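Protein chains in written order, with my numbering: chain F, 9 to 119; chain P, 41 to 421.
Honestly, the hints are just simulated from the structure, not real lab data. It should be emphasised that the depicted structure is a prediction, and the values quoted were computed from it without experimental measurement. Hints should not be assumed to be uniformly reliable.
To be verified - Label pairs and their computed distance ranges (CB to CB): (1) P/Leu175 / F/Glu14: 42 to 50 Å; (2) F/Glu107 / P/Gly184: 20 to 28 Å; (3) P/Tyr131 / F/Ser20: 15 to 23 Å; (4) F/Glu57 / P/Ala90: 14 to 22 Å; (5) F/Glu14 / P/Lys67: 44 to 52 Å; (6) F/Ser20 / P/Arg56: 52 to 60 Å; (7) P/Asp72 / F/Ser29: 33 to 41 Å; (8) F/Ser20 / P/Cys147: 38 to 46 Å; (9) F/Glu14 / P/Arg94: 36 to 44 Å.
Note that beta-carbon positions come from the ideal geometry of N, C-alpha and C, so glycine has one too.
Below, each chain spelled out in residue letters.
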Amino acid sequence: MSQNDEALLFESLRLELRRGSLILAVLASLRREQYGYSLRVALGEVGVEMEESTLYPLLRRLESQGLLDSEWREEERRKKRFYRLSPRGEAMLARLATEWRGLSASLEKML
Amino acid sequence: MNTAKEGETGMDLVERYLKTLAAQLPKDSRDDIVAELRDEIMGRIDALEARLGRAPTDDEVEALLREVGHPLTVAARYRSGPQALMGPELYPWWMFGVKVGLTVMACVTLIGLAVRVLVGDVYVGQAIGQGIASLFSGAVTIVGLLTVAGFILERQEKKPDFIARWRVKDLGMFELGGDFDAEQWGQKLARGDWSSSKAKPESKPGPEVRKSAEMSPVARAVASAIGWAVVLLWWTGLLQVAPIRPEDLAGVVDGLDYGRILGEMVRAAYWPVALFAACRVGFDLMRAASGGNVRLTALGDLVFGIAAAWGLLWVWFWSALSPLIWVGTVTDFVERVRVLIGRSGDDVGGVATILMVVVVWAFAAEVVRMVRAAARLVVGR
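Chain F with its partners taken away, still in its complex shape:
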């Protein structure tokens, strides 16, 4: 296998591995209120890059599931939609975080 194939394979496996953690990252970031763009930038800074076409539909879905609250507000002369974890979202995040830590700990032992 050429080096290029190897890199492509790694990239696709890496994406697959990270996909499941995106929701967790979004929920955790929204303990503090954010709007879409600032959330994307904040996630990017900690190494969780998300495309617009993934993030925005995900936010909408999480809101429809009652895990997020949102409101439109004007900031810097522009109307923005601010998202924040709802009480239900807090509880769900806590449960998912426990799950994540358990999984991570047992994988850590294996690796």
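Take the given structure of chain F and dock chain P to it, following the hints.
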């Protein structure tokens, strides 16, 4: 909106993009989604401008929009429900359906055409044209219908029972589609093996599974005995399946009375063929009784292969059909096939050429079969 900042054209691009996107979105959430994405895109343009120290050009704005994604893709992500025509769970079923459907359709079409040619209803050239046309439209119809079915099933909340609650004993039929492989089919036909089981697996794992998926040698022997018994009864006229005797299968085509030729051949070959079939039945029964002994089977295949090959040589060189189908060189053979394919409906000689190809092909198949039998006889497995 801070339109003044980006300049008219850059804004135009963004608005045009958002308008296209809006058209793809469900009405009730359209404005909301568009407003949010507008803010996102503006945020990105602002950041780009801060980085460049100047307003971005149209090309740069367009590149940015391309990063956000095509309106169709972006809009689709907002839709609930499956994002694919068919998911990975359903796809193998679709593929299986296509394989089986196409195979059955091809067989039915070809047999139907062969009968029409033999009856003299259409010429061979016409038949090939019609065959290709009906194969094509049939294939498109089958694939289309299966795709519609898959699309609908994918969007059901509960997948049909047959996907989740299958039983091992029903799995036999799925060996069918697995062999859709020209090389394997060719080998099988050459062996005279019409069963649907897979060729010997190349890798070691799962010998037990493979064994049960194949017909046992005894079962094959019995099936062969039954098949040849039917042929024998039909040949000798004891079995009136339909009022068709061998010589009734042909008619007058291209001004040649194939019925007469076939009649002569049947008279000449009557006893040899009857004897061949009778021996074959007897041998198959013996083989079944012996529990499918490999060397015995191989020896029989070799002997019957030689007999069949001899019969084909007789058809080629000495039978009543010989003057019509005999060619001396490979070049002549190829030339006749080429003429057949290229000719229009009112030429003559098509049936003879097809028979020529069939006889040569059958002879080649017998030779392959003999070689394989000889190999098995030597190796013993």
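message = Given a hint of 14 to 22 Å, does the C-beta separation of F/Glu57 and P/Ala90 actually sit inside it?
response = At 20 Å between Cβs, range holds.
Verdict for P/Asp72, F/Ser29 (Cβ pair) under range 33 to 41 Å = violated (27 Å)
ask   = Regarding F/Ser20 and P/Arg56, is the given constraint of 52 to 60 Å on their beta-carbon distance met?
value = Once the Cβ atoms are compared, 34 Å apart, the range 52 to 60 Å for P/Arg56 and F/Ser20 is violated.
Range hint 15 to 23 Å (beta carbons of P/Tyr131 and F/Ser20) holds or violated = With Cβ atoms ~19 Å apart, the hint holds.
inquiry  = If I claimed the Cβ atoms of F/Glu14 and P/Arg94 lie 36 to 44 Å apart, would that claim hold in this structure?
reply    = holds (40 Å)
request  = Determine whether the Cβ-Cβ distance between F/Glu107 and P/Gly184 falls within the hinted range of 20 to 28 Å.
outcome  = violated (44 Å)
message = Quick check on a hinted range of 42 to 50 Å for P/Leu175 and F/Glu14, using CB atoms only.
response = holds (43 Å)
ask   = Holds or violated: 44 to 52 Å for the Cβ distance of F/Glu14 and P/Lys67?
value = About 47 Å separates the Cβ atoms of F/Glu14 and P/Lys67, which means 44 to 52 Å holds.
request  = Indicate whether the distance between the beta carbons of F/Ser20 and P/Cys147 respects the range 38 to 46 Å.
outcome  = At roughly 41 Å between Cβ atoms, P/Cys147 and F/Ser20 fall inside 38 to 46 Å, so the hint holds.
Checked against the numbered hints above, the structure violates hints 2, 6, 7; every other hint is satisfied.
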